[in-house]
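In order, the protein sequence lines correspond to chains L and H. Our numbering numbers the first residue of the first sequence as -9 and each following residue consecutively. Our numbering numbers the first residue of the second sequence as 2 and each following residue consecutively.
Derived by calculation from the structure, the hints in this document are not laboratory data. Accuracy of the hints is not assured; some may be wrong.
Listed next, the in silico BS3-like pairs over lysine-lysine satisfying Cα-Cα at most 30 Å (straight line) [to be verified]:
#, chain 1, residue 1, chain 2, residue 2
1, H, LYS122, L, LYS399
2, L, LYS734, H, LYS74
3, L, LYS387, H, LYS122
4, L, LYS664, H, LYS187
5, H, LYS216, L, LYS664
6, H, LYS8, L, LYS735
7, H, LYS115, L, LYS732
8, L, LYS382, H, LYS111
9, H, LYS8, L, LYS387
10, L, LYS399, H, LYS111
11, H, LYS159, L, LYS735
12, L, LYS732, H, LYS121
13, L, LYS393, H, LYS115
14, L, LYS735, H, LYS122
15, L, LYS660, H, LYS159
16, L, LYS660, H, LYS115
17, H, LYS121, L, LYS399
18, L, LYS664, H, LYS121
19, H, LYS111, L, LYS660
20, H, LYS216, L, LYS735
21, L, LYS734, H, LYS111
22, L, LYS732, H, LYS111
23, H, LYS8, L, LYS399
24, H, LYS187, L, LYS660
25, H, LYS159, L, LYS734
26, H, LYS74, L, LYS664
27, H, LYS74, L, LYS660
28, H, LYS121, H, LYS8
29, L, LYS734, H, LYS70
All figures in this text were calculated on a predicted structure; none of them were measured in a lab.
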Amino acid sequence: MLVRKLFRTAWSYKAQFISMIIMIAIGVGIFLGFNIEWKSLEQDAFTFLDDTNYADFRIYSETGFAEEDIKAIQDIDGVDAATRYFNVNVGIKETKKSVALNISENYTVSTMMIMDGADYDKDSEGIWLSDKFANANSIKIGDELTFTYTGIEITGEVVGLVKSGENLICVADENQLMPDYEAFGFAYITPKTLKKTLGMAFYPQINIISDIDKADLEEKIKDATGTTFLVTAKNEHYSYAGVMSEAEEGKTMGSILPVLFLAIAILTMVTTMHRISVNEKVQIGTLKALGFRDRRILMHYTSYGLMIGLVGLVLGVGLGYLVASLIISPTGMMSTYLDLPAWDLVMPGFCSPVMAVMLVFLTLISFLSVKKMLKGTAADALRPYTPKAMKKSVIEKFPFWNKLPFGTKWNVRDIFRHKARSAMTLVGVIGCTILLVGGLGMKDTMESFLDLLDNDISNYTTKIVLSESAANEDAIALADDVNGDWQASSGISYEGKTITLDIYCTDGGKIGFLTEENETMKLTDDGVYLCLRLKDAAKIGATIEFSPYGSEETYKVKVAGYTRSLVSECIVMTDAYADSLGIAYHIGSIYTDMESENIKNSAIISGKQDKNMIMDSYDTFMEIMNVMIVVLVVAAVVLGIVVLYNLGVMSYVERHRELATLKVLGFRDKAIGKLLISQNVWLTVIGVLLGIPAGVGVLHVLVTALVSEYELSLTLGIMTYMVSIALTFGVSLLVGLMVSRKNKKIDMVEALKGAE
Amino acid sequence: MAIVEFKDVTRVYTSGDHELRALDGVNFTLDEGKFVVILGPSGAGKSTLLNMLGGLDSPTNGTITVNGKDISKLSNNELADYRASTVGFVFQFYNLIPTLTVYENVALVKDISKDAIDPKKMIAEVGLADHLHNFPSELSGGEQQRVSIARALAKNPKILLCDEPTGALDSKTGVLVLKLLLSMAKNYGKTIVVVTHNQNIAKMADVVIRVKNGKIKSYEEQIAPMNADEVEW
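With these hints in hand, go ahead and build the complete structure from the sequences.
This is how it looks when you write it as structure tokens:
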């Protein structure tokens, strides 16, 4: 019989039960969703990187490595495998498309995974092409492709469709944020084809698989080859770094948001279970008087918490896998970024214990609420619960208090009398505002970032990419010819980190620079500019030291200022300053206002990119962003409605008798409704006032954690504030109306019966 | 002059197939300024009658005229205005707002009644001038009921409706509250209708209406009602 009561009672508290279940399900869903996301990402990506013998270390030499070099490195104790490697971006003849061309000399490191077609064969002259690029461009096995590179042509038949760890994130250069398989892919050919085309074996890179650490390896390579090469570890390579940073984002999302939701779920549980056990006190007493043992009664009421927790958890687990599969699946959001063969979902080990603790905790809450009601004799338990007697609060000491209308006094005292309920309402409103400000602010921030990139930093129409062999004099002549600015980028080692040194000639103003406050600035010729990520490394006027990649020379330079570098972590200087230092550089790109069709072909040009194409690659990124923002806004509204409705109903039930009395006295329904809503409105005002700064704070954490690879400035448009405030108030008013409509249905006669 | 007139008033409650005739063709009139007691066992329909008169409920059939106005077919808002202007209620369990002080509970009616009487004056008249700023939970039951009487009268209604006003009080306190209620109603010239099953209260009434099974069993005018002190409690 008690079981029957269990379900009937649960039904009579359906609003409370459903809202708690929703809160728990959302909390658990987001918790699991993002944690499954990063764990699956790590596991799926690392498995794939292992399967394709992804290199742990890379060393570079512009003049190419000799056969003795690779032999010496292969013999190093602790090096598991090593190969000479060639990797360059080449165009596809008669199209604007290009691919990253890969050759792994002995095919033990940086290999492919064959998805379709022929296995790798070192004697073949075929092309193994990225399956995604092939799909996007309707290229089939058996088709013939011709690659062009500074006047050289390589023609071959597509023999296989592949994926590769080396090209896990398939982008042309660091300016491209997201892969665009229609425009850019990757391909492998054999060393035989390379040798046939070039007439010699040229490998400017060696890829190594090894467990030893970077400094150790550097030392051993120096001993083995007699030359110092700069070693870059896998966490400096974009494939590995991209996966790690995505996983890091998932970890952040999986810890901040669920804490908010789960905390609210637990608080809701505490207030609601207290309310329910108060309402049920007489019944608890009756059961006790009938002769049920305390243990039975406790178990009965505790099972409410268990039931809510279980249903919430089951729904939450389903929701979690759904959220994760939106991101991690062959068609999920992550598939536009990473090119993985398998998308398996994996739950991190700590999730199950966390959920078990949640369940125990929720059950414990209902256990404790009932335990309190069971205290004393059966007669005590039978007496209805009496709320704390009214006491005057501090506010009433102020003289203005007496001038307030009675409705205001009533509401203020009610807020203080039911502190837990009021606090919960506040938490709900604050949570709602935080999510809205955070979500919409993220969009503002990203949009202003793209706006800066498009309008203030990139004032050019076309970027000309120069070949590695282009001489600086030819490059400068070309730049003069197209009235363009030029840039020379190279890797340097600074404070143990590998970062970029960018040397610019910006006489034509095609490239702009920004201060930390996003104002345009002019570079001076008397020092270097550090990007904001390096701001803490040195003060203005200080002297810093760096050494170019693969060179033992060090340069001492003065810090002239800081500049916002939207994409790369870099040190920037003018060409005049670079010349005064005597630093060697190689001009890699020219920025011009000429349309790419009007630029004459030349042996030194290896490619041309329209700025619009680069900007388009951000669109996919923005689409993912927009999905996230919709999720956040929906979550905010659901959170707001669920928490406020639950509390609104509770407050309505608690004041049922008082409302009926007002009604009997002759107050109209509307006046009573206004009373109920105005309490909600005040709490919402306070909640919004607290929630907006909190939202800005959370946004700050999200921006630094989620997009640490870019230097974003926190931007919040006036519309974001207005929409956040309007939506929060909208939710609060909507719930207020839903609750206050109930007062029309108050049966005055019923409500006034019975003891107080 | 008749202030209240019930004409063929019927109230049927239906729940599912079940029909309950709480009032079944009730007819009576009440004159202004009289003390009326409605007697009857529980379930007889006396509370239903009082709720109709108070505008808390509307009849299924028939008309109720109060102070020259038909209230049997009013809208929700019109009923609220009727309750605000014409009737004052005193309940068995006082029904004070726990979060408002004594003064505020009475002053509340100023929001809905145009010719409300000064709350402080009313509270002084029920003898609680020293408790103006106490909350209801700080008062005894008798004191709370006195606040409730002050609140009902402060609206300056035509009729005072009392549902078992002494039901929750011990008999000594009950008599004191009843005496206060009657003397104040007399002073202000109010018609007062009390629903009870206490026969003793009926001895003091100008009119005694006995209700049974939803019908009026008897309507009795007492020419010489007893004084509260003459009744043996």
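How the hints compare with the structure:
1. The suggested pairing of LYS122 (chain H) with LYS399 (chain L) holds, with an alpha-carbon distance near 22 Å, which does not exceed 30 Å.
2. A distance of roughly 17 Å separates the Cα atoms of LYS734 (chain L) and LYS74 (chain H); the hinted pair therefore holds under the 30 Å criterion.
3. Of the pairs offered as hints, the one joining LYS387 (chain L) and LYS122 (chain H) holds, with about 24 Å between alpha carbons and a cut-off of 30 Å not exceeded.
4. For the hint pairing LYS664 (chain L) with LYS187 (chain H), the CA-to-CA distance comes to about 37 Å; that exceeds 30 Å, so the pair is violated.
5. Annotation: proposed proximity of LYS216 (chain H) to LYS664 (chain L) is violated, straight-line Cα distance about 41 Å (limit 30 Å).
6. Distance restraint check for LYS8 (chain H) and LYS735 (chain L): the Cα-Cα separation of roughly 28 Å lies within the 30 Å cut-off, and the hinted pair is therefore satisfied.
7. The straight-line distance between the Cα atoms of LYS115 (chain H) and LYS732 (chain L) is roughly 28 Å, inside the 30 Å bound, and the hint therefore holds.
8. Annotation: proposed proximity of LYS382 (chain L) to LYS111 (chain H) holds, straight-line Cα distance about 23 Å (limit 30 Å).
9. For the suggested pair LYS8 (chain H) and LYS387 (chain L), the alpha carbons sit about 54 Å apart, so the restraint of at most 30 Å is broken.
10. Simply put, LYS399 (chain L) and LYS111 (chain H) have alpha-carbon atoms about 15 Å apart, close enough for the 30 Å limit, and the pair holds.
11. For a cut-off of 30 Å, the pair hint linking LYS159 (chain H) to LYS735 (chain L) stands: about 27 Å separates their Cα positions.
12. A threshold of 30 Å between alpha carbons decides the hint, and for LYS732 (chain L) with LYS121 (chain H) the separation of about 34 Å lies outside it, so the pair is violated.
13. The suggested pairing of LYS393 (chain L) with LYS115 (chain H) holds, with an alpha-carbon distance near 19 Å, which does not exceed 30 Å.
14. With a C-alpha separation of about 35 Å, the suggested pairing of LYS735 (chain L) with LYS122 (chain H) is violated against the 30 Å cut-off.
15. With a CA separation close to 25 Å, the supplied pair LYS660 (chain L) and LYS159 (chain H) stays within the 30 Å bound.
16. Taken as a hint, the LYS660 (chain L) and LYS115 (chain H) pair is honoured in the structure, with Cα atoms around 18 Å apart against an allowance of 30 Å.
17. Using a Cα cut-off of 30 Å, the hinted pair LYS121 (chain H) and LYS399 (chain L) holds, with the two alpha carbons roughly 18 Å apart.
18. For the proposed pair LYS664 (chain L) and LYS121 (chain H), the alpha carbon gap of about 27 Å is at most 30 Å, so the pair holds.
19. Note on LYS111 (chain H) and LYS660 (chain L): the hinted pairing holds, with a Cα-Cα distance of about 17 Å set against a maximum of 30 Å.
20. With a CA separation close to 29 Å, the supplied pair LYS216 (chain H) and LYS735 (chain L) stays within the 30 Å bound.
21. Among the hinted pairs, LYS734 (chain L) with LYS111 (chain H) is consistent with the structure: their alpha-carbon atoms are about 22 Å apart, no more than 30 Å.
22. About 25 Å separates the Cα atoms of LYS732 (chain L) and LYS111 (chain H), which keeps this hinted pair within 30 Å; it holds.
23. For the suggested pair LYS8 (chain H) and LYS399 (chain L), the alpha carbons sit about 43 Å apart, so the restraint of at most 30 Å is broken.
24. Restraint check for LYS187 (chain H) and LYS660 (chain L): not satisfied, since their Cα atoms lie roughly 35 Å apart, outside the 30 Å limit.
25. Annotation: proposed proximity of LYS159 (chain H) to LYS734 (chain L) holds, straight-line Cα distance about 26 Å (limit 30 Å).
26. This hinted pair checks out: LYS74 (chain H) and LYS664 (chain L) have alpha carbons roughly 26 Å apart, not beyond 30 Å.
27. The straight-line distance between the Cα atoms of LYS74 (chain H) and LYS660 (chain L) is roughly 20 Å, inside the 30 Å bound, and the hint therefore holds.
28. Using a Cα cut-off of 30 Å, the hinted pair LYS121 (chain H) and LYS8 (chain H) is violated, with the two alpha carbons roughly 39 Å apart.
29. Restraint check: the Cα-Cα separation between LYS734 (chain L) and LYS70 (chain H) comes to about 24 Å, which is no more than 30 Å; the hinted pair holds.
Checked against the numbered hints given earlier, this structure breaks hints 4, 5, 9, 12, 14, 23, 24 and 28; the rest are met.
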